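*Asks:* Here is what each chain is made of, one letter per residue.
Number of protein chains: 2
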Amino acid sequence: MTNSKSQPTAPQPTAHVHLPQGAERGAAPILVEVVRGQMVESRHRASVAITDAEGHVVGSWGDIEQPIYGRSAIKPLLALPLVESGAADGFGLGTAEIALATASHNGEKRHTETVLAWLAKIGLTVDDLECGAHFPYDEPTAQAMWAHGERPNRAHNNCSGKHAGFLTTALHLGEPTRNYIQYEHPVQQRLLGVLEQMSGCELGAVPRGIDGCGIPVIAMPLGNTALAMARLADPGGLPEKRAKAAARILTAMMDDPFMVAGSGRFCTTVMQATGHQAAIKVGAEGVYSGALPGLGLGICVKVEDGTGRASEVVMGQVLKHLGIIDEATEMKLHDVLVPTIRNWAGTPTGQIRPAADCPF
Amino acid sequence: MTNSKSQPTAPQPTAHVHLPQGAERGAAPILVEVVRGQMVESRHRASVAITDAEGHVVGSWGDIEQPIYGRSAIKPLLALPLVESGAADGFGLGTAEIALATASHNGEKRHTETVLAWLAKIGLTVDDLECGAHFPYDEPTAQAMWAHGERPNRAHNNCSGKHAGFLTTALHLGEPTRNYIQYEHPVQQRLLGVLEQMSGCELGAVPRGIDGCGIPVIAMPLGNTALAMARLADPGGLPEKRAKAAARILTAMMDDPFMVAGSGRFCTTVMQATGHQAAIKVGAEGVYSGALPGLGLGICVKVEDGTGRASEVVMGQVLKHLGIIDEATEMKLHDVLVPTIRNWAGTPTGQIRPAADCPF
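For the record, the sequence lines run as chains G and R.
Just so you know, we're using this note's numbering here: the first sequence kicks off at 1 and counts up by one.
Just so you know, we're using this note's numbering here: the second sequence kicks off at 361 and counts up by one.
Don't read these hints as lab results, they were simulated from the structure.
Some hints here could point you the wrong way.
Claimed, not checked - Partial chain G-side listing against chain R, Cβ under 8 Å, derived:
(1) Gly37
(2) Gln66
(3) Pro67
(4) Tyr69
(5) Ala205
(6) Gly209
(7) Ile210
(8) Val217
(9) Glu304
(10) Asp305
(11) Gly308
(12) Trp344
As the list claims (entries may be wrong) - Simulated coverage check for chain R against chain G, where a stretch passes if three residues somewhere in it have a Cβ under 8 Å from a Cβ of chain G:
(13) 401–410
(14) 492–506
(15) 568–577
(16) 666–679
Being a predicted model, the structure only gives us computed values, none of them experimental.
Idealized CB from N, CA, C, for every residue including glycine.
Required output: the full structure, derived from the provided sequences and hints.
*Replies:* Here it is in C-alpha cells:
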C-alpha cells in the first residue's frame, strides 16, 4: 500500500511533549487480560499518554512517541472548524448536532433523523455525504431494517455527523462541497492545520492513509495526540475563537453523550456516569482519547493489536487512576469496566479486566 | 472467575516435547502487521509450535510451553471417540457428518440440514443439543433469516456437529445423553483421557473453563497441542483403532472442507487449495491448529491477543514455510493470505500481512 513516490518521514513535534524524568520509550506493557475459567487466555498490550495543555506528561506507559493514526478518537479535534468558523451558528446548529459531529454513532433513530434534518437545514441531502453506507452498529436497529427489507443509506454510517459537519463548514466558507474527503480539498487541508496547531507537530510529510469513511488519516505521536486533547480540555492558551469552540464541543459531548455513540456503548455510558468531568471518544484499531476539563488533562490510548475490547478497559482504568471514576461509579459501571464474557447459553465464562500487574 | 476450592496447577507433560537445541521459552514475537496507507497501524504477537509425532520440535517461535485452551482448534481430537468407539459406523455416518463433527461451521443450509438429518438418524432432535443457539456466522444466511422473521435454533450453532457427535457416542455406548456438556459426564471424561493420551500431559488438575458452546476447555501447553495434532497426522504410534479413526477424521476434513467451516472461510478455502496435504482448524481467541499427513507434522498457533485476523495470517505463513502452500497456490490465495482492508465505500485502505521481520 506504500506510495513509493513520497517517502513519509516520522512526525516531527515542534512543541515537544515534555517527558517526566526517568520516562523511557518502552514496549507497550500488558494492560488487559482476558480470563476464561481458571486461566488468563489472552493478553493485550497498550501504550497510554496523559499530558497537560503545556505538554507536561503526567502519565506515560509504553511508547508515547510512536506515531499513531488517531482515527475516530480525534473527532472532537476535527469538529473545531465547524464551530470556530461560525458555520454551526450560521446554520443554527445546537448541542445535538455538535455532539454528532464528534460521533461514531450507532445509527439509531435519533442519530439518523438528526443527521437528515441537519442536511435539510443546509440545503443538502444524504447523497452529498461521501462516507459510504453501512448497516447501523446498533443490532436491534440493523435487525429491524433487515426484517423490513430496508437497505442502509449514508446517514446510517457511524461517521455521518462528522461528514455533515464538513459539508456545513465548506458551505459556510463558500468552498465546493464535492470531494470534501480528499486530502487536497480545503476542508481536509484546514483540518491538517488544526491538527498541527493542536498537537504541535509538523504533519505535511508524515505517513498518512485513508479512514473507513474515506477521509485522510494522519500519523501523529501518541503523546502529541494526548496534548491536542489536553488543549481542548484546558484551552486557555488557544486563540479566543478556538478556545470557545473547544469548550463548546466538549460540553456538547458531555451534555448529550447518546449522540456521541448510543445505546450500550462505552463512550455514552461512561460520559453519562461521570457527569461533566470527561469527554471520551473511541477510535478504530484500539485508539481511545479523552479530554478532562476539570483536571485540564488529555489522554490517548493505543492498543498495540488494535482491539476495541482492550481500549475500553484501559480507558476505564485510566479514568479510575485519575479519580474521574470514583468507587461509587466503579461499582455502578462494574460490568462496563470489567465486562463479563458469556457463552451462547448465557452462562458467564470469563472476564475482560485490567491486567493483574497493570502499573496504574 | 477462579474456583477457590481447586487450585489448578500448570499442565505437567508426561511425554515431553523435545525442544531443539538453543530453543528458549521467549516472548511471543510480532508475526503480523496491520498496514494502513503508509504506516503499520497495529501489530499482533503469536507463538507457534510445529512438532512431529514423537514430540521433536521442528519449529518454535515464542513460548511453546505456555498453557493454552485449544478451543475449537482441537475439534479434530474431540471427534476421535465418535469414530474409534464404532458409533459413527453404528449409525451409518459418512464423510459429511465426520467433517461436521470437527467443524466451526457457518450455519449455511447444507450444514444445518446435515445436522438435523443426523439427529433424526440417531432418534434425537435439536432440543437434545446443549450448545445454545446463535445466528449463523454466514452473513447472507443470517440476513435472510432476519428478513423472514426466523430465529436461530441450536443446529445453527457453529459447534452443532461436534455436539451431535457427542450425543451419537453417548447413545452408542449406552450413556445418558442429558448433561453431556458437563465436566463429570462420561463423554467429557472420555475426551479428557483422549487429550491426555494424545498430548502426553496429565490434565486432571490443570486450569479449565467453559467454552462458548458449554463444554469444558482444558489447559494444555502449546507444544503438546501441536504434538497431539502431529499424532493425528502420523498415527503409526497409536493403537490401531485410534490410528484408523485419526486418518478417517483428517480425510473427512480434507474431502469435504466446506463442512469444516463454509463459504469464504479460511479453513475451507485453504484446505480446498492444498488438496490432501493439510487439515487445519481455527479456534476462538487466536488459536489455529493443523495436521499435515504427508509431512507427519502437527501445528499449533496462539495469538497473544486472541485475534482471529492474525491467527489466519500466521497459519498461512506457517503453511508457506513448510511448503504446503507453494508459489502457485500463494498467488491464487493472495487475498486470503494477505487480506486487503477496504473502507465502507469499497476503496482498499490497507492490508493484514506477515510482519516485515517475521522469522520464518
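*Asks:* For each hint given before, does the structure comply? Return the numbers of the non-compliant ones in rising order.
*Replies:* Hints 2, 5, 11 are the ones this structure does not satisfy, whereas the remaining hints hold.
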